[in-house]
Amino acid sequence: MDRHPQVNDRGNLPYLEATIREVLRIRPVSPLLIPHVAQSDSNIGEYAVQKGTRVIVNLWSLHHDEKEWKNPALFNPERFLNEEGNSLCCPSLSYLPFGAGVRVCLGEALAKLELFLFLSWILQRFTLEVPAGHPLPELLGKFGVVLQPQKYKVIARLRTGWEKKLQSQESESG
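In this text, residue positions in the sequence shown follow the numbering used here: the first is 1428, and each later residue adds one.
Be a bit skeptical, because a hint or two may be false.
Below, computed lysine-lysine pairings styled on DSSO-like, alpha-carbon distance capped at 30 Å [stated by the list, open to error]:
no.	residue 1	residue 2
1	1539	1478
2	1569	1591
3	1578	1497
4	1569	1494
5	1497	1539
6	1569	1497
7	1478	1497
8	1494	1539
9	1539	1580
10	1569	1580
11	1580	1592
12	1539	1578
13	1591	1580
Bear in mind the hints are in silico, worked out from the structure with no lab data behind them.
Using the sequences and the hints given, assemble the complete structure.
Okay, structure coming up:
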């Protein structure tokens, strides 16, 4: 493909979309959602919550709950694909990487679009490798308001044929 990935390519790349969903599940950007305040006396499961109580949703726990996710510590994009592997599905109602309801992240659609365009562009042009003698990156991170990945090394090798295409694009634009 000689063109940049486009938004309308999303439907043709369900595995990439499933991979993005799995990344957001297994390592959410924000492991704790922003605080909410109960508007009335209510119950959350077996817990009574009084009006005015501050509630913080532990997204990390939701996304790693063995009752909701089979092998939750395993990175498995296929969990977001139908049996044929050609369409997306949501295997659990506890998948909330951007929150839910009136406090859902306003940037959800833009973030998903940017992730798709960025990753499809990178993967179209480069092969990503771990340098010889270096371990695979740990999936652990520094836990806080946002989850920060640990440092790791990666080699991005330009795929065959892209050197000439990129040089041609640079000379046309420059």
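Each hint, compared with the structure:
Taken as a hint, the residue 1539 and residue 1478 pair is broken in the structure, with Cα atoms around 34 Å apart against an allowance of 30 Å. Straight-line distance between C-alpha atoms of residue 1569 and residue 1591 comes to about 40 Å, which puts the hinted pair past the 30 Å bound. Among the hinted pairs, residue 1578 with residue 1497 is consistent with the structure: their alpha-carbon atoms are about 28 Å apart, no more than 30 Å. Taken as a hint, the residue 1569 and residue 1494 pair is honoured in the structure, with Cα atoms around 25 Å apart against an allowance of 30 Å.
Under the criterion of a C-alpha separation no larger than 30 Å, the hint pairing residue 1497 with residue 1539 is consistent with the structure, at around 24 Å. For the proposed pair residue 1569 and residue 1497, the alpha carbon gap of about 25 Å is at most 30 Å, so the pair holds. Of the pairs offered as hints, the one joining residue 1478 and residue 1497 is violated, with about 35 Å between alpha carbons and a cut-off of 30 Å exceeded. This hinted pair checks out: residue 1494 and residue 1539 have alpha carbons roughly 26 Å apart, not beyond 30 Å.
Proximity of residue 1539 to residue 1580 is assessed by CA-CA distance (about 25 Å); at most 30 Å being required, the pair is judged to hold. Simply put, residue 1569 and residue 1580 have alpha-carbon atoms about 17 Å apart, close enough for the 30 Å limit, and the pair holds. Using a Cα cut-off of 30 Å, the hinted pair residue 1580 and residue 1592 holds, with the two alpha carbons roughly 27 Å apart. Between the alpha carbons of residue 1539 and residue 1578 the distance comes to roughly 24 Å, so the proposed pair stays at or under 30 Å and holds.
Using a Cα cut-off of 30 Å, the hinted pair residue 1591 and residue 1580 holds, with the two alpha carbons roughly 26 Å apart.
Hint compliance for this structure: hints 1, 2, 7 are broken, all remaining hints hold.
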